[in-house]
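Q: Listed here are the chains, written in short residue letters.
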Amino acid sequence: MTAIDPTAHLTAEQIEELGRELDAIRDEVIASRGEKDAAYIRKVISAQRKLELVSRGVLLFSIFPPAWLIGTAGLSVAKIMDNMEIGHNILHGQWDWMRDPKIHSTTWEWDHVSPSEQWKHSHNELHHTYTNVIGKDNDLGYGIMRVDEDQKWHPFHLGQPLWNFLNACFFEYGIAAYDLELGKNLHKRRRKNPEFRARAKAVGRKIRKQVLKDYVIHPLLSGPSFLTTLGATFTANLVRNIWTHSVIMCGHFPEGVQVFERRSIKGETRGQWYLRQMMGSANISGSRTMHFMTGNLSHQIEHHLFPDLPSNRYAEVAVKVHALFEKYELEYVTGPLPKQVFSAWRKVFRLSLPNKKPKVKTPDREQELVAA
Amino acid sequence: MVTTPLLPSDYLDLVSPLRAGAELRGRIEAVHPETDDAATVVIRPGRGWRGHTAGQYVRIGVDVDGVRLWRAYSITSPTNRQDGRVTITVKAILDGKVSNHLVRRATPGTLIQLDQPTGDFVLPQAKPAKVLYLTAGSGITPVMGMLRDTEFDDVVMVHCAPQPQDVIFRNELHDLVADKKLRLTEVHTDTDGKLDIARLDELVPDWAERETWACGPAGLLDAAEEHWTEHGVQERLHTERFRPSIVVAGDGGGEVTFSATGKTVDADGATPLLDIGEEAGVLMPSGCRMGICFGCITPLKAGAVRDLRTGEITEAEPGVLIQTCVSAAAGPCDIER
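Protein chains in written order, with the working numbering: chain L, 1 to 372; chain G, 1001 to 1337.
Some hints could be false.
[Stated by the list, open to error] DSS-like cross-link-like pairs, simulated, lysine-lysine; straight-line CA separation at most 30 Å:
no., chain 1, residue 1, chain 2, residue 2
1, G, K1181, L, K36
2, L, K102, G, K1194
3, L, K184, L, K209
4, G, K1097, L, K43
5, G, K1130, L, K102
6, L, K36, G, K1097
[What the hints assert, rightly or not] The calculated label-pair distances, taken between Cβ atoms and stated as ranges, are:
no., chain 1, residue 1, chain 2, residue 2, range
7, L, L221, G, L1014, 33 to 43 Å
8, L, L186, G, P1285, 45 to 55 Å
9, G, D1115, L, E117, 25 to 35 Å
10, G, P1217, L, I217, 28 to 38 Å
11, G, P1285, L, N355, 54 to 64 Å
Please keep in mind that the hints were generated in silico from the structure rather than gathered at the bench. Note that beta-carbon positions come from the ideal geometry of N, C-alpha and C, so glycine has one too.
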């Protein structure tokens, strides 16, 4: 958090006006949602399934290096599509309006070790409602890292570059543990809580199925290619994990993103909530392929403003949202993936060490003080 | 195991959505116009189709503007059609989303969802000696299914439509008349006025002796039921009512029923149903309470609700889930909690 509030120049009325303008953008998309959008998600789902089938087919012969390469690359992309553009967005209810029970937030399950039911709670409900509120939004460092100066330092944080690296490699397990609130629930008393046990069991079942498929059944089906297929599925999971972890780090950790204190959201209005989403998220710039491969989470700001709008519409929404940032003189944090990933990692390193509090005042604020 | 978290059928659906064992679907093969506002849709049903009995209807799920909507239509093809296709005949009604889509915009090749055919407006096993079909408007559709399916020795039909050109299947009916397979009286209500049921004595003097199938608007059927009962022959009358869900959508809220819990409370048009339910002690799922997390979605069984953010009305249909935290009652409604 910077010492100056980058929204200080806005009056309460302006913030509500901003809220109304954002509502209007949302209404426009909802009014024009239709056949084309439905065709889009069906096409993506169908393409993902075909790509996965073909890739796994090719991997049956993974003992031959070209087959290994092609199959692994295809499977990695298929897994990324499943988790990002398809799973994440369907589980947000972005496609519920189609009333197709097969593409619905209540029935969808994804290629991931965290059961969709638990992920929806911790992600849709907690993270999206309390975005970047210290102590409320566990996505701020996932409970293992400090990603803001205002978060309390603990010697444990000295290791956070390593924790972050491990989390990136095994991100889906990190998320499952996170959705279970494992850190909190492993205390002796909570461990026996029947509700927690039921949820832990559900995760166990999901992990078992995923592991069996990726590391037992498909390698066995590959016969002489057993070991190479095992390596291929492991690699594909690794690629998917590192990719999704990187994209998600870019959503809220790069420099310039604001965090908020618990008391600041008391009695928050619709306009203020929108403003918090705008200041608490960061985008990734890039090509259409880039946006697609991030599940349009490259439009993280737009996604946080309108988490239930279909992802294929974020690109057009972004143009309008960007214009509002300029109109209200707010900083639209965005940049290419490598730059944003670097920025987030730098923060992880920097904040592994304690920082002084109160923070160094910025020149602007000093001038204000002098003027006062 | 091989495909978790998906099922093998999810992959098979990509190539063979109509195969045996798949969820029942159909493919539209052709759409033939019948009148200005009615068309017959030829459907190739999936392998799981169990076949129908003449007079029955089928529920179909059609994606209109990307949204799946379900409606019931009478089957107009005979049960013994050689190519195994079935037809429904649809009349576009004012503001009817599905009917207008099917009549004017549906294209061959489109996949639709199907239910198994159902309905007890059917012909009996034993052939009755004399038959009367009393129909109006699109009420002719189940009867056409019967006419095409089974021949009787003595069939009379009284059909009401605004004008001659509004009579669906008119050419085919007249062919049957020419072949002496049918006696037909057309009542053109634009010129003749609505059919007075007492006129039956004059149109079909022996109506009371006839096994009768009647289908049409509620007014006609009510009058027929009364008339047949008055003459003590109500067991000869079989009726089929098209029941459009009557939704009274208003601003002022309404009576909300939580059918699973068995509670009914009055709700205003501005309070989220989530709050209404919680106050009534109903176990409501909830989340962000601001319409973003979809943690509260609950089936709307009947009635209508208004989205408090956009003012948009959502009416109950099978499979409709609402976000209770941003929806208020727009008239009486039934929430499945």
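Q: Does each hint fit the structure? Answer for all of them.
A: Tested hints:
This hinted pair does not check out: G/K1181 and L/K36 have alpha carbons roughly 49 Å apart, beyond 30 Å. For the hint pairing L/K102 with G/K1194, the CA-to-CA distance comes to about 46 Å; that exceeds 30 Å, so the pair is violated. With a C-alpha separation of about 26 Å, the suggested pair L/K184 and L/K209 falls inside the 30 Å cut-off, and the hint holds. For the suggested pair G/K1097 and L/K43, the alpha carbons sit about 24 Å apart, so the restraint of at most 30 Å is met.
Between the alpha carbons of G/K1130 and L/K102 the distance comes to roughly 49 Å, so the proposed pair goes past 30 Å and is violated. About 17 Å separates the Cα atoms of L/K36 and G/K1097, which keeps this hinted pair within 30 Å; it holds. At roughly 20 Å, the beta-carbon separation of L/L221 and G/L1014 lies outside the given 33 to 43 Å, and the hint is violated. A hinted range of 45 to 55 Å is violated for the C-beta pair L/L186 and G/P1285, which are about 27 Å apart.
Restraint check, G/D1115 to L/E117: a C-beta distance of roughly 28 Å satisfies the suggested window 25 to 35 Å. For the pair G/P1217 and L/I217, the supplied restraint of 28 to 38 Å is violated, since their beta-carbon distance comes to about 59 Å. Range check, G/P1285 to L/N355: about 41 Å between beta-carbon atoms, so the 54 to 64 Å window is missed.
The structure fails to meet hints 1, 2, 5, 7, 8, 10, 11 from the earlier list, while all remaining hints are met.
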